[in-house]
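Novice: If you want the building blocks of each chain, they are given just below.
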Amino acid sequence: MAEKQKHTILILEDDQPLTRALSDALVKNGFAVVTAATVEGGIKKLEHTKHIDVIWLDHYLLGTENGIDFVVKVKNHPEWKSIPIFVVSNTASAPSIRSYLELGVSNFYTKSDYDMTQIISDIEATLEKEE
Amino acid sequence: MEQEPLQVGKRILKEGGSPRGGKLLLFFAPLVLLLGSGGVTWLAYWLPQTAFADWTIVSMVSLALLDAVVVMTMIFSTLPAYIHFAKKGEEAIVATASGKERYVNALEGSGLGFWEYDLETGEAFFSARIMTMLGYPDHDKIDKINFWYDSIHPEDAPGVKREMEYYLDRRTPEYSIEYRLRRANGEYLWVLDRGKALRDPSGKPLKLSGITEDVSNVKRVQEVLEARTNELESAKNIIEEEVQNVRKFQKAVDSSTEAVSITRPDGTIIYVNPAWTVLNGYSNEEALGRNSRLLKSIETKPEIFIAMWEKLTAKLTFRTEDIVNKRKDNTTYLAELSIFPITEGEQTLFYVSICQDISLRKEIDRAKTEFVSLASHQLRTPLSAIRWYSEMLLSKYVGELNEKQRQYVKEIYAGNLRMVDLVNALLNVSRLDLGTFAIEPEEVSPIQICESVLTELNPQLIEKKQTVERVFAKAPATYLADPKLVRIVFQNLLSNSVKYTQSGGAIAVEIGIKGNALHIRVTDNGYGIPKSQHGKIFQKLFRADNVRQKDTEGTGLGMYIVKAIVEFAGGQISFESEENHGTTFHVLLPLSGMVKKTGTRGLV
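Keeping their order, the protein sequence lines are chains B and L. For the first sequence, this note's numbering gives the first residue as 227, with consecutive numbering after it. For the second sequence, this note's numbering gives the first residue as 142, with consecutive numbering after it.
Chain B extracted, bound-state conformation:
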């Protein structure tokens, strides 16, 4: 694992306990983890972090903006638009899910229906494909 280059993942999630569990699991799986709880915070992390390989995004976030606003910003940014985004949410409605998929996110998951490892392995598979 030491030889393998670490992937950096940005987690945008408003719920602290979930963020902590997720960070721990991702670190254990060899990721470098950056977290934020608002759209603004997420953009800042993107700007200030050297390279982010993948984004884990919740729909409902702290602040006035939600996950869709974030995806719109990312997809409109020339450097960030190819970063795969995995939306993992408990509250998104059918139209928002459709919006996410239309905006080109990699996948959508209902949070409570999946183990972290199931989603993490999907993320890893996507990253491997890209390399």
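Treat the hints as calculated values from the structure; they're not laboratory data. Fair warning: this is a prediction, and the values are worked out from it, not measured in the lab. Hints are supplied without guarantee of correctness; some may be wrong.
[Unchecked claim] The list that follows gives simulated cross-link-like pairs (lysine-lysine, DSSO-like), each with its CA atoms no further than 30 Å apart:
1. L/704 <-> L/615
2. B/355 <-> L/625
3. L/615 <-> L/640
4. L/302 <-> L/509
5. B/254 <-> L/537
6. L/452 <-> L/615
7. B/355 <-> L/537
8. L/605 <-> L/672
9. B/254 <-> L/605
10. L/640 <-> L/605
11. L/155 <-> L/228
12. L/302 <-> L/345
13. L/606 <-> L/704
14. L/545 <-> B/254
15. L/437 <-> L/452
16. L/691 <-> L/551
17. L/537 <-> B/232
18. B/301 <-> B/232
Given chain B's structure and the hints, the job is docking chain L onto it.
Specialist: Using the frame of chain B, we list chain L on its own:
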């Protein structure tokens, strides 16, 4: 006025007058004859001594003749009166006798029996009519009074005796009583006795005579009349009670808070209660005689009316919560409406409609459902936390758990999964109830969806050693449907079969085409559904008694969801089941497929 025969006779005799002179004749005739014969004797002695001796014979004869003439004259002057009197007497006798005969004839003709009781001798006379009345030979009878006493019904005898004694003692003005007499054949006959006493000048009764009338027919008529009267009385009571009931019901209906109206079969309104007038804004006078169509609103879906007439023409009760009514001021309200046909035989007499404005209730229902939806969403975040943390404990990120710890965390993890299922089911129910779910049809392979569900169920199938027979020969390759919805249908039906069938049981799933419908059949030979609970199987949160004891899992929402999906898709679901013999579910979906429906939520 009819006179008694005796009076008639007396009157006739009186009219005739008493003959006179009879007594004088009886006195003077012998005297004249004596004087005559004395004179003759004296002449015979005296005359021969005189100069007229030669005239002796002539004188004697002359005197005798004179005497005879005088007597004859006396007799002839008296006799005609007696002859006349004798004639009148005869007339009187005839008149009396024929008068009496009239009475006897009248008595016989009237069917009245005649009797006479001699109080001195204790003997009694019974006319032939009485005897035949009692079933004895047809002639008069004279017997001891005991013959009659002994014939009186034992219950009536004391009363009859008392009546007679009272009358004879003059304590009552008349003797008249109804009682029962025994006939020769032992049967009893109702008779009416009326009598009159013959008394001596001191008032002591000598004889009692009277008539006996057979009143059994009268009695029978009386009894029938009494029975009829009683019947009428009770009918009257029933009617009065009914009238009371009707008043009660009228009062109840009048004071009901639900709007009640009654219409003729053609829809003409003949009654509305106050609640109806308040709800719809029409006064009683404005409503009566109008057609109930006056409430019809274009906002009501036409199929509601079609369903309504289908039910009503079949003389069945129609009930809906989806009708929109229009008030007088053209505002509308969502109504719950029940229409009950009142029929007599083949004929429909009236329709009774009960209606309620349920806009508010629907709003409350909606708010409740929305609350359930919101709460369920909120539950998902803590559920995710439990899921992910227990997942991490099990995946050894923070070190190895001992066997017990591992087992406990597994229980937490499994419990959490069940909770997630329940929350998802609640969300589906609230989406179906709110109508907010989306249907996104695409060409799907029913077989593929079914197989993927079976793959998911494989661990349980292996554990319970159950077999699954697949009957896909007539299955269409593709079907236009929302795959998520089709999946939910297969998932619920098949997982129920697995769950509610004993180890080693057999399950069969068939996909085919029946008429113009896609037919899905899932059969098992499992626990079955108790007959008494067949009606509840599609209710929210219902779980059959027999399976609740065997299996604690299950939300009681699955079949409700399946039915709602099938019906939203324009299909039908039915089942046959017998306890301990298994269950078969049939789902029929329109072959044309599902129609797209946009909604804010998909089902999960």
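Novice: All the hints need checking, so say for each whether the structure fits it.
Specialist: So, going through the hints one by one against the coordinates:
1. L/704 <-> L/615: Given that 30 Å is the threshold and the Cα spacing comes to 24 Å, the pair holds.
2. B/355 <-> L/625: holds, 28 Å
3. L/615 <-> L/640: holds, 27 Å
4. L/302 <-> L/509: At roughly 91 Å apart (the allowed maximum being 30 Å), residue 509 of chain L and residue 302 of chain L break the hint.
5. B/254 <-> L/537: holds, 10 Å
6. L/452 <-> L/615: violated, 36 Å
7. B/355 <-> L/537: Distance ~28 Å between residue 355 of chain B and residue 537 of chain L Cα, so the pair holds.
8. L/605 <-> L/672: Satisfied, since the Cα-Cα distance of roughly 26 Å is no more than 30 Å.
9. B/254 <-> L/605: violated, 37 Å
10. L/640 <-> L/605: Roughly 9 Å between the alpha carbons, so the hint for residue 640 of chain L and residue 605 of chain L holds.
11. L/155 <-> L/228: This hinted pair holds, its Cα atoms lying about 13 Å apart.
12. L/302 <-> L/345: Satisfied, since the Cα-Cα distance of roughly 18 Å is no more than 30 Å.
13. L/606 <-> L/704: holds, 29 Å
14. L/545 <-> B/254: Holds - the C-alpha atoms of residue 254 of chain B and residue 545 of chain L are around 24 Å apart, at most 30 Å.
15. L/437 <-> L/452: holds, 18 Å
16. L/691 <-> L/551: holds, 22 Å
17. L/537 <-> B/232: OK: residue 537 of chain L and residue 232 of chain B at ~21 Å, within 30 Å.
18. B/301 <-> B/232: holds, 24 Å
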